[in-house]
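S.K.: So the protein lines, in turn, are chains A and B. Numbered by the working numbering, the letters in the first sequence go through residues 7 to 286 in order. Numbered by the working numbering, the letters in the second sequence go through residues 3 to 251 in order.
Source of the hints: derived by calculation from the structure; they are not laboratory data.
Ranges between beta-carbon positions, derived for each pair: (1) A:D84 - B:F189: 20 to 28 Å; (2) A:S125 - B:M98: 45 to 53 Å; (3) B:A122 - A:A281: 40 to 48 Å; (4) A:G16 - B:R67: 37 to 45 Å; (5) B:A65 - A:D84: 34 to 42 Å; (6) A:Q52 - B:A214: 29 to 37 Å; (7) B:T168 - A:A281: 55 to 63 Å; (8) A:D79 - B:V75: 18 to 26 Å.
Pulled a few chain B residues facing chain A out of the computed Cβ check, cut under 7 Å: (9) A6; (10) R13; (11) L16; (12) T83; (13) L84; (14) F189.
Note that the Cβ used here is the ideal one computed from N, Cα and C, for glycine as well.
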Amino acid sequence: MHMTPPTFSGFGLGLRKEHYRDFLDTDVPIDFVEVISENFMVDGGQPRDILRRVRERYPVALHGVSMSIGSSDGLDVDYLRRLRSIADDVEPLFVSDHLSWSRIAGFNSHDLLPVPYTSEALDMVCRNIDMAQNMLGRAMLFENPSSYIAFDGASMCEWEFLADMSRRTGCGLLLDVNNVYVSACNHGFDPHAFLRGIPADRVRQVHLAGHSVGPGILIDTHDQPVCDDVWSLYGTAMSLLGPVATMIERDDDIPPLAELMAEVDMARDIATLSARREVA
Amino acid sequence: MNLAELQHGFRSSLMDTDDAATGIFGASAATGLAVYRNNYRAQLVACLEVSYPQVRRWLGDEAFREAAISHIVSHPPHAWTLDHYGRDFSDTLIAMYPRNPDLQELAWIEWSLSEAFVAADAPKLVDDALWNVDWDVARLRLTPSLRLRPATTNADDLWLALDGDTDVPQGSMLDAPGGFVVWRKGFSSQLKRVDATDFDALAGLRDDPSFAALCEKLVERRGEEDGVRRAGELLAEWLAAGIVTGIDG
Chain A
7 MHMTPPTFSG FGLGLRKEHY RDFLDTDVPI DFVEVISENF MVDGGQPRDI LRRVRERYPV
67 ALHGVSMSIG SSDGLDVDYL RRLRSIADDV EPLFVSDHLS WSRIAGFNSH DLLPVPYTSE
127 ALDMVCRNID MAQNMLGRAM LFENPSSYIA FDGASMCEWE FLADMSRRTG CGLLLDVNNV
187 YVSACNHGFD PHAFLRGIPA DRVRQVHLAG HSVGPGILID THDQPVCDDV WSLYGTAMSL
247 LGPVATMIER DDDIPPLAEL MAEVDMARDI ATLSARREVA
Chain B
3 MNLAELQHGF RSSLMDTDDA ATGIFGASAA TGLAVYRNNY RAQLVACLEV SYPQVRRWLG
63 DEAFREAAIS HIVSHPPHAW TLDHYGRDFS DTLIAMYPRN PDLQELAWIE WSLSEAFVAA
123 DAPKLVDDAL WNVDWDVARL RLTPSLRLRP ATTNADDLWL ALDGDTDVPQ GSMLDAPGGF
183 VVWRKGFSSQ LKRVDATDFD ALAGLRDDPS FAALCEKLVE RRGEEDGVRR AGELLAEWLA
243 AGIVTGIDG
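Here chain A stands alone, though its shape is the one from the complex (with noise of 0.2 Å):
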């Protein structure tokens, strides 16, 4: 029997270094923090007692990047049994990857490249995330990356992948709302078909951060405040997938904690705005 992810409702920020300082001694107002989970994968020092003690203020969420669950190789039993540790010990309310691979016959790319969305694909992840989630004792979630590339001879489109993936693995997905809008503009699909595709009940957190402009490509880059268009589609995504918990994600050019708060807010907002008019 399938694992089911834990449901939470709120709002939350990507914990940073430069803000170490602000959340171990202030009470920053917020639900909740989500971490890379490899920053903190590590035997010991300042990092764990940094995580211990801010766990003792916050709930955390442990987002990876290392996971490489499309790997048509498999799993590194070593990163699982090391994430197994620091989830035993933080007790987080998700624990979190993406569906991208970055490892291949011992060659590490450190970086979320695409999956083809292809039934032998679906079938290799499937079988990744259910050894995933037996290693971890838990139920995983999910997230859509954002992509650069796409490949001859998918035989469904991404939505359809993240739904048949957690229909038959029991994992939760993670939203990322920019990485939808990125991958639409990059690939032309319509951001709003993957929405409605992928089954909100299956979502349990969701991700905002900003991109960059390339030439004739979006990129995601983590280093800018979220844009209008990914606002709008997020109020979009909360009138469909009801209350879950969403997070801002900045990774590089990180601004003042108040900056981010100020995002973090905006979420909130637009977030009640779409619960009232999905009451009304």
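Here the structure of chain A is known, so what remains is to put chain B in place on it, guided by the hints.
M.R.: Chain B only, in chain A's frame:
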């Protein structure tokens, strides 16, 4: 093309600079693949810059970037964590600068300080740890963060000056070889250069952690009275510094 073939092809397109590998995904994929290829290299260069800030300052931006690119070509990443990527960077520096032992030792210092920062925690020494110790059988527990290397240059002076943004001395050979000791005290990585006798004494504890063996080694070098006295002094120093974190027996 099945999934494994696609992923092997993608790997080649990231690592190779020619267009042959990218061709397998068609012309329409060129712009997207260029983004992934740029991400791959930029991330690894940034990783080395973060891991070796003082080596970068010592070499200069242009020379460091040249070394980083050479390293990325010859050492593709394997580990699940980027934190390990710079581990072999000193091999690249040795190949590019074979006559600069100061640079090689500077790189070792910088990497070891990073490793020590996240090494496993050692249990705190209990207050009565030295009571009722039978010194004939006592074994010293070293901190898991300890890193040792023979020293032939003043690379520690270079690192301290670069890190402190003070006048950087010329790299030079030491009058007599010694050793570098890197470890973590609390949450702070530490660096110290010691003479050859003290270095051998500390390094010897990795093979035989007994206090008796430490005394024997120092007695060989310094004679009975001075050797035993020095063993006591070193033990006190290492306990205070957090290099020795416990005594069994």
